[in-house]
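Peer 1: Single-letter residue listing:
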Amino acid sequence: MPAGGQRGQAGGCRGAKGDTQAHAAAMIASLLAIIAREALRFIHQRERFLAALVRPLVWLLVFAAGFRAALGLSIIPPYQTYITYETYIVPGLCGMILLFNGMQSSLSLVYDREMGSMRLLLTSPQPRWWLLFSKLIGSTTISILQVYAFLAIAALFGIDMPAWGYVTVLPALLVAGLMLGALGLLLSSFIKQLENFAGVMNFVIFPMFFLSSALYPLWKMAESSELLHDICAANPFTHAVELIRFALYTELNLPALGWTLLATAIFTAAALWGYDPARGAMRRKT
Amino acid sequence: MSSGLSIRDVSFAYGSRPALTSVSLDVAPGAFCALLGPNGAGKSTLFALLTRLITTPAGQIEIAGHDLRAGPRKALARIGVVFQQPTLDLDLSVRQNLRYFAALQGLSGKQASARIDAALDRLSMRDRDREKIRALNGGHRRRTEIARALIHDPAVLLLDEPTVGLDAASRSAITAHIHDLAAEKALTILWATHLTDEVRPSDRLAILHRGRLIEDGIASDIAGAASLSDRFLTLTEAA
Chain A
184 MPAGGQRGQA GGCRGAKGDT QAHAAAMIAS LLAIIAREAL RFIHQRERFL AALVRPLVWL
244 LVFAAGFRAA LGLSIIPPYQ TYITYETYIV PGLCGMILLF NGMQSSLSLV YDREMGSMRL
304 LLTSPQPRWW LLFSKLIGST TISILQVYAF LAIAALFGID MPAWGYVTVL PALLVAGLML
364 GALGLLLSSF IKQLENFAGV MNFVIFPMFF LSSALYPLWK MAESSELLHD ICAANPFTHA
424 VELIRFALYT ELNLPALGWT LLATAIFTAA ALWGYDPARG AMRRKT
Chain B
2 MSSGLSIRDV SFAYGSRPAL TSVSLDVAPG AFCALLGPNG AGKSTLFALL TRLITTPAGQ
62 IEIAGHDLRA GPRKALARIG VVFQQPTLDL DLSVRQNLRY FAALQGLSGK QASARIDAAL
122 DRLSMRDRDR EKIRALNGGH RRRTEIARAL IHDPAVLLLD EPTVGLDAAS RSAITAHIHD
182 LAAEKALTIL WATHLTDEVR PSDRLAILHR GRLIEDGIAS DIAGAASLSD RFLTLTEAA
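So the sequence lines, in the order shown, correspond to chains A and B. FYI, in my numbering the residues of the first sequence are 184 to 469. FYI, in my numbering the residues of the second sequence are 2 to 240.
Derived from the structure by calculation, the hints contain no laboratory data. Note that CB positions come from ideal geometry on N, CA and C, so glycine has one too. Be a bit skeptical, because a hint or two may be false.
[To be verified] Covered, in the sense of this in silico footprint (three residues per stretch, anywhere, with C-beta under 8 Å from a C-beta of chain A), are these stretches of chain B: (1) 87–100; (2) 106–116.
[Claimed, not checked] Pulled a few chain A residues facing chain B out of the computed Cβ check, cut under 7 Å: (3) A216; (4) A222; (5) H227; (6) R229; (7) R231; (8) T306; (9) S307; (10) P308; (11) T433.
Extracted from the complex, chain A is given alone in its bound form:
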């Protein structure tokens, strides 16, 4: 009886161990419910799924095809041989899906706050960090499903990866998705109103995407500008993309993993600070 454990007097002579188990069961129940809610909302928004899929496919099948001739790529790890530009940008486009979804979930968090459902979530007796973490896991799960749908369509067009790569990329997608989801959570705690969201698009998504290794390798960028190269190298999205790129070829890029985890930790800590009931998001007069 999970809730009974929190009820003290109703729990009778239940020991501390029983309480801990009840708390753990309650936390798992809330995690699963939050994931299920994200999934149900996603199913109800088919346009969102299509948009999320069409966007990277346009890049892959139109943009990349056009730039194929213009961009020459040398052999760089993890690639063993010359690759087409389409193959090069697949990991970046996986990152793009995660990035857009991270921002989409940020938007829905601001919406939830304005509409009130955030109140419902935050007044649950589960710890607040757990509730926000569950939100993160829920939105990342949905993002990962979209990435696999994209990879499947890319494979249908002949842009495929090593078979094991589709398995080894999963943890990389999870880490990258959590990092970008945490960034979305952080932004949502500082965005006051829904109307301000367009600014996020201009000031977060586009710089993050274009100042990264998603569309061009960093050495190409260095040829144009050392400064731009340094900015790209510091961009956590670059590391997320490289983590995915190597994982798709069953390799682990340890520095990329380290940077992505570090960024995740920083974004998460800042987001939790933003959602602290003693300050931040819910404190504004509504």
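Using the hints, position chain B against chain A.
Peer 2: Chain B alone, transformed into the frame defined by chain A:
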């Protein structure tokens, strides 16, 4: 007190603008208390503090004997809330909404189903449980929210202007239902409103104005010879 609601000397400010100043209010276990105040009196701020959406270092709040600061999880587990804003997912069914909430409270499986059925029965909403919220009228949506707030068998029920936007019939039905609940289930109820006609003469009444509690007693005593509406207007104009 081992149960009920206790608010002691609570103050809160949005920046330099005070929203609540030294508010103290005790509601005994199983008692109904109406919190009346004009718009902007600080009712919603008080509710945000009671539900720990925000916190304040000034004052102390106890819910069913649990200090909200020292043991927020135990205190929150004992609260049922109906917010002023609707908080239902429009594209989900009544049951899906309730199941989501039950899980947030840590309830799942058969136990959650049984509690949901009981809560829906109490509000005469059982036969509508598969309908999407979007298809329900305002009154039924509110009933769903009240049913939801009761699923986890709370000791204290907080309602923040739950009749806003409803027609007269729905308003009076919900007001009557909540009064019945206090009597039948021994629930401690704090009902915030700015409408005097929702307060019965025998109700415990607290009046909040500009962040201060200016009256606390039985509604008929506070009203005196005048109607409650007139008395309320006099009090909030003068204070």
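Peer 1: Hints numbered earlier in the text: which of these fail when held up against the supplied structure?
Peer 2: 4, 6, 7 and 11
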